[in-house]
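Please work from the sequences and hints to get the whole structure.
Protein chains: 2
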Amino acid sequence: MKVEQISREDIEKVVKNRLARNQENNQIIDERVEKIVNNVRNDGDQAVYQYIKQLDGVELDDYKVSQEEIDYSFTQVDESLIQILKEAKENIVNYHQLQKEQSWYTNHQQGVWLGQQVRPIERVGVYVPGGKAAYPSTVLMNILPAKVAGVEQVIATTPVQRDGSVNPTTIVAASMAGADEILKIGGAHGIATLAYGTENVSSVHKIVGPGNAYVARAKKYVFGDVGIDLIAGPSEVCVVADDEANAKFVAADLLAQAEHDELASAVAVTTSEQLADEIKNEVERQKKNLKRQDILQQSIYNEGSIYVVSDLDVAFEFVNELAPEHLELQVRDPFEQLEKVKNAGAIFLGDYSPEPLGDYFAGPNHTLPTSGTAKFSSPLGVYDFMKKSSVIYYNEQALSGVRRQIEQFADEEGLDAHKESVRIRFE
Amino acid sequence: MKVEQISREDIEKVVKNRLARNQENNQIIDERVEKIVNNVRNDGDQAVYQYIKQLDGVELDDYKVSQEEIDYSFTQVDESLIQILKEAKENIVNYHQLQKEQSWYTNHQQGVWLGQQVRPIERVGVYVPGGKAAYPSTVLMNILPAKVAGVEQVIATTPVQRDGSVNPTTIVAASMAGADEILKIGGAHGIATLAYGTENVSSVHKIVGPGNAYVARAKKYVFGDVGIDLIAGPSEVCVVADDEANAKFVAADLLAQAEHDELASAVAVTTSEQLADEIKNEVERQKKNLKRQDILQQSIYNEGSIYVVSDLDVAFEFVNELAPEHLELQVRDPFEQLEKVKNAGAIFLGDYSPEPLGDYFAGPNHTLPTSGTAKFSSPLGVYDFMKKSSVIYYNEQALSGVRRQIEQFADEEGLDAHKESVRIRFE
Chain A
1 MKVEQISRED
11 IEKVVKNRLA
21 RNQENNQIID
31 ERVEKIVNNV
41 RNDGDQAVYQ
51 YIKQLDGVEL
61 DDYKVSQEEI
71 DYSFTQVDES
81 LIQILKEAKE
91 NIVNYHQLQK
101 EQSWYTNHQQ
111 GVWLGQQVRP
121 IERVGVYVPG
131 GKAAYPSTVL
141 MNILPAKVAG
151 VEQVIATTPV
161 QRDGSVNPTT
171 IVAASMAGAD
181 EILKIGGAHG
191 IATLAYGTEN
201 VSSVHKIVGP
211 GNAYVARAKK
221 YVFGDVGIDL
231 IAGPSEVCVV
241 ADDEANAKFV
251 AADLLAQAEH
261 DELASAVAVT
271 TSEQLADEIK
281 NEVERQKKNL
291 KRQDILQQSI
301 YNEGSIYVVS
311 DLDVAFEFVN
321 ELAPEHLELQ
331 VRDPFEQLEK
341 VKNAGAIFLG
351 DYSPEPLGDY
361 FAGPNHTLPT
371 SGTAKFSSPL
381 GVYDFMKKSS
391 VIYYNEQALS
401 GVRRQIEQFA
411 DEEGLDAHKE
421 SVRIRFE
Chain B
1 MKVEQISRED
11 IEKVVKNRLA
21 RNQENNQIID
31 ERVEKIVNNV
41 RNDGDQAVYQ
51 YIKQLDGVEL
61 DDYKVSQEEI
71 DYSFTQVDES
81 LIQILKEAKE
91 NIVNYHQLQK
101 EQSWYTNHQQ
111 GVWLGQQVRP
121 IERVGVYVPG
131 GKAAYPSTVL
141 MNILPAKVAG
151 VEQVIATTPV
161 QRDGSVNPTT
171 IVAASMAGAD
181 EILKIGGAHG
191 IATLAYGTEN
201 VSSVHKIVGP
211 GNAYVARAKK
221 YVFGDVGIDL
231 IAGPSEVCVV
241 ADDEANAKFV
251 AADLLAQAEH
261 DELASAVAVT
271 TSEQLADEIK
281 NEVERQKKNL
291 KRQDILQQSI
301 YNEGSIYVVS
311 DLDVAFEFVN
321 ELAPEHLELQ
331 VRDPFEQLEK
341 VKNAGAIFLG
351 DYSPEPLGDY
361 FAGPNHTLPT
371 SGTAKFSSPL
381 GVYDFMKKSS
391 VIYYNEQALS
401 GVRRQIEQFA
411 DEEGLDAHKE
421 SVRIRFE
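These protein sequence lines are chains A and B, in that order. Position 178 (the first sequence) corresponds to 178 in the UniProt record's numbering; numbering is contiguous. Position 81 (the second sequence) corresponds to 81 in the UniProt record's numbering; numbering is contiguous.
By construction, these hints were calculated from the structure, which means they are not laboratory data. Be aware that a few hints might be false.
The list cannot tell twin chains apart, which means a pair is met if one copy fits it or any two copies do.
[To be verified] Restricting the straight-line Cα-Cα distance to at most 25 Å, the calculated cross-link-like pairs of lysine to any residue (SDA-like) are:
hint, residue 1, residue 2
1, 100, 168
2, 291, 407
3, 280, 98
4, 248, 280
5, 86, 26
6, 220, 39
7, 340, 120
8, 342, 45
9, 342, 34
10, 340, 153
11, 287, 273
See below:
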C-alpha cells in the first residue's frame with residue numbers, strides 16, 4: 001500500500017487523479033442497453049422472456065416469484081438470520097421514520113395561504129443485484145425507505161439463476177421488507193420492465209438500487225421518463241486518523257472496503273507518519289488471512305493509499321475535495337471535528353463505528369453517493385420516495401392588492417395573456 | 001378548442017396520448033452537444049470563445065459580466081420594475097426559508113448517536129435562457145433558493161447578444177438575487193463551462209435552470225459528473241372546474257398557459273357540459289385581442305382540450321394520471337378537494353389564484369416538474385441546493401452488543417474482511 005506525503009496545494013490534483021480512474025468508455029454498453037430497453041418498451045413480455053432466455057440462460061414460464069416460492073424460501077433460510085434481518089429492519093425503519101417530512105401551510109397574510117404538500121410516490125421499482133450471491137442488506141436498505149414513505153406498490157426485480165430460481169435469502173428479505181411483487185428479471189431488461197411496464201407489470205415512477213454497468217447505463221437511459229437514484233460507482237472509504245488512532249482498526253476498515261471489488265477505493269489520511277507505516281504493515285499482516293485475495297491484491301495496490309498531512313485541517317480539506325462515500329473519523333473528540341465535514345455520504349465517528357456497522361445494522365441507509373457525488377447528493381432516504389407540490393391560495397382582495405405588480409411583470413416578459421388572466425378577474 | 005367527453009376507463013389512454021406528443025428524436029442534437037461539451041472540457045476557454053463566436057456570432061474579449069456592466073444595467077431598468085423585483089424577491093425568500101431543513105441527531109440508546117447532517121452544496125450554476133428577451137422571474141426563482149440554502153458561490157450564465165451585451169433586466173435580477181458571477185455563455189457550451197470549469201471559471205457541483213433543446217440535452221449528458229434539476233418539457237396547465245366556475249376566468253388561464261410556446265399544453269376538466277361550451281366560446285373571444293396569435297393558434301388547437309367528466313372524482317383521477325405542472329382548482333371549497341390531488345407541480349386554489357400569480361410573485365417556485373414527472377419529482381426548492389450525510393456513532397459497549405449480528409450478516413454476504421473489521425476490535 002502506497003504511503004504519500006501531501007500538502008494543501010496537492011489536494012486538488014490528487015483527488016482529480018483518483019476520480020479520473022473511474023471513468024470508462026461506455027459506448028458499446030450504451031448501444032446494447034438502448035436496444036434492449038427499446039425492444040422491451042415496444043414488445044413487452046415477449047421481449048422480456050426472450051432476453052431472459054438469451055442473457056440469463058433460462059426459459060421461464062413466469063417471471064413473477066410466486067407465493068409458494070416465497071413460502072419455500074422462508075424454510076430455506078436460517079432462523080437466526082431471519083431474526084437478525086428483523087432487528088436490522090427495525091433499526092432501519094426507526095432511523096428512516098425520522099426523515100419523513102410533513103406537509104405544511106402558512107397563512108401569514110390576510111387572504112393568503114401558501115404551502116407545500118408532501119406525498120409518497122405511488123409506484124417504485126427496486127433493482128436487487130446478484131445471481132448466486134444474496135445481498136439481504138441491499139434489499140432492506142432500498143425497500144424499507146419506500147415503505148416508510150408510504151409508497152403503495154414496491155416492485156423488486158433481481159436476476160434469475162440458471163435453474164430458474166432466485167436466492168431464497170433475497171426473497172425472504174424482500175418479503176420481510178414489504179415488496180409487493182418480486183420479479184426474476186435482471187440487467188437492462190429488468191430496468192426497462194420497471195420503467196415502461198409490460199402486459200403483466202405496471203410501470204413504476206421511480207427506480208432505485210445498484211447493479212452492474214448494464215443496469216447503471218439503463219437507469220441513466222430511462223431517466224426523465226422515470227426518476228432514478230444516483231448511479232453508483234465503486235465503493236469507497238476514507239479514514240481520517242490522528243496520532244492516537246489504532247492502526248489495527250484502521251487497517252481492518254481499509255481491507256473491509258477493499259474486498260468489495262477490484263476498483264473499491266480505500267484511503268487513509270493521517271497526521272502521523274509513524275501511524276501511516278503501522279497501518280501499511282497491519283494491512284499486509286491482516287490481508288494474508290482473508291479470503292478474497294485476488295480482489296484485495298488489486299484494490300489495495302491500485303486504489304489504496306495512505307496520505308500523510310501536516311494537520312487535521314489539511315486532512316479535512318482533502319476529505320471535502322474527495323467527498324467520500326464512507327468517512328471514518330478515528331480521531332480524538334470526533335464529535336468536535338464533525339463540523340469540519342462538508343462532503344461525505346456517511347460519517348462514522350470514533351474507534352468503535354467501523355463501516356460494516358452501517359452496511360448492515362445501525363439504521364442509516366447504506367446506499368450512498370460515490371465518486372465525489374456527495375458534493376451534491378445525499379444517501380438514499382425517505383425523501384427519495386416522496387415528492388412535493390406547492391400550494392397557492394389568494395382571495396379576491398389579496399389578488400387585487402398585487403395585481404399591478406403581476407401585470408407589470410407580465411409586460412416586462414412580453415406575455416399579455418398572463419396579464420389578461422389577472423386583469424379579467426377585476427373587469 | 002376541442003371538447004371531449006371522457007370516462008374513467010379512457011383516462012389512461014388519453015393521458016398517454018397527450019404525453020407521447022412531447023417525444024422527439026434528439027439524436028442529431030445529442031451528437032452536436034456531445035462534441036461541444038467534450039471540446040470545452042478538453043480545451044477550456046479557447047473552445048468557449050470559439051463557440052461564442054461560431055454559435056452566438058460575436059467575438060468577446062471577456063465572457064464575464066463586469067461590475068461596470070452591472071452598474072450600467074441598473075441605470076437601464078425602470079425604477080418601478082426594480083421595486084417589483086424587490087417585492088417578488090422578498091416573497092420568494094420568505095416561502096423558501098420555510099423549506100430549509102436542519103441537521104438532526106438522536107441518542108435513543110445508550111452509547112449510540114445517529115444523525116443526519118444537512119449542508120449546502122458549495123458551488124452551483126444557474127442557466128438563464130433568453131437572448132433578446134429577459135426572464136427576471138426565472139432568474140429570481142433559480143438563484144434565490146440556492147442563496148437561501150447557503151450556497152457559497154452561485155454562477156449564472158446566459159446567452160450573449162450579437163452586440164456583446166446581456167439584457168440589463170437579466171443582469172439586474174441576477175445581481176439582486178445574489179449571483180456571485182454572471183457569464184455570457186449560452187447553450188451547450190454554457191453548460192459545459194459550468195460542469196467542468198475552465199481556466200477562469202470554477203466547475204460547479206450542480207446546474208439548474210431551463211433552456212432550449214441543446215441546453216436540456218447537455219444537462220442530461222453531464223448528469224452524474226454534476227447534479228442537475230429536472231429536464232423541463234413544454235409548460236402545462238390543467239384547470240379543474242365545477243358547474244359554478246367562471247368560464248371567463250378559466251378561459252383566460254388556459255390562454256395564459258398557451259401563449260408560452262407552440263407545444264404548451266392547456267386543458268380544462270369539468271363536470272359541466274354547459275361550462276365546457278362556455279369556456280370554448282370564451283377562449284375564442286379572448287384570443288382575438290391577444291398578441292401572440294401564431295403561438296396561440298397552434299397551442300390552443302393542437303394541445304388544448306376541454307374534457308367533460310361525470311363527477312369530480314373522475315376529474316381527480318385524470319389529474320393524478322396527467323400529473324400536470326400547474327393545477328388550478330376552480331371549484332367550490334377548493335381546500336376540501338386538495339386532499340384528492342396526488343400528483344401536480346403547483347396547485348392553485350380558487351377563483352382568484354390564476355397561474356401567473358405563481359409565475360411571478362406569490363413566492364413558491366415556478367420551476368416545476370412537467371410531462372408527468374410530478375409523479376416522482378418536486379418543484380425546485382431549497383432542498384435541491386442542500387445535501388445530507390448520515391452520522392453514526394457507537395461506543396465500544398454498544399458495538400459489542402451487536403457484533404454477533406454484524407458478523408453473521410457479513411458471513412451471509414460472503415465478506416470476511418467486513419466480519420474481521422468488527423471482530424478485531426474485541427481481540
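Hint check results:
1. 100 - 168: neither (31 Å within a copy, 43 Å between copies)
2. 291 - 407: between (72 Å within a copy, 15 Å between copies)
3. 280 - 98: neither (40 Å within a copy, 49 Å between copies)
4. 248 - 280: Within one copy, since 10 Å is at most 25 Å while 77 Å is not.
5. 86 - 26: neither (39 Å within a copy, 48 Å between copies)
6. 220 - 39: So residue 220 and residue 39 pass the 25 Å test inside a copy (17 Å) and across (22 Å) alike.
7. 340 - 120: Classified as between: cross-chain Cα gap 13 Å, same-chain 34 Å, threshold 25 Å.
8. 342 - 45: Neither. Shortest intra-copy (46 Å) and inter-copy (29 Å) distances fail the 25 Å Cα cut-off.
9. 342 - 34: neither (37 Å within a copy, 32 Å between copies)
10. 340 - 153: Between copies only: 19 Å across, 40 Å inside.
11. 287 - 273: Classified as within; 21 Å inside a copy, 77 Å across copies.
Of the numbered hints listed earlier, those contradicted by the structure are 1, 3, 5, 8, 9.
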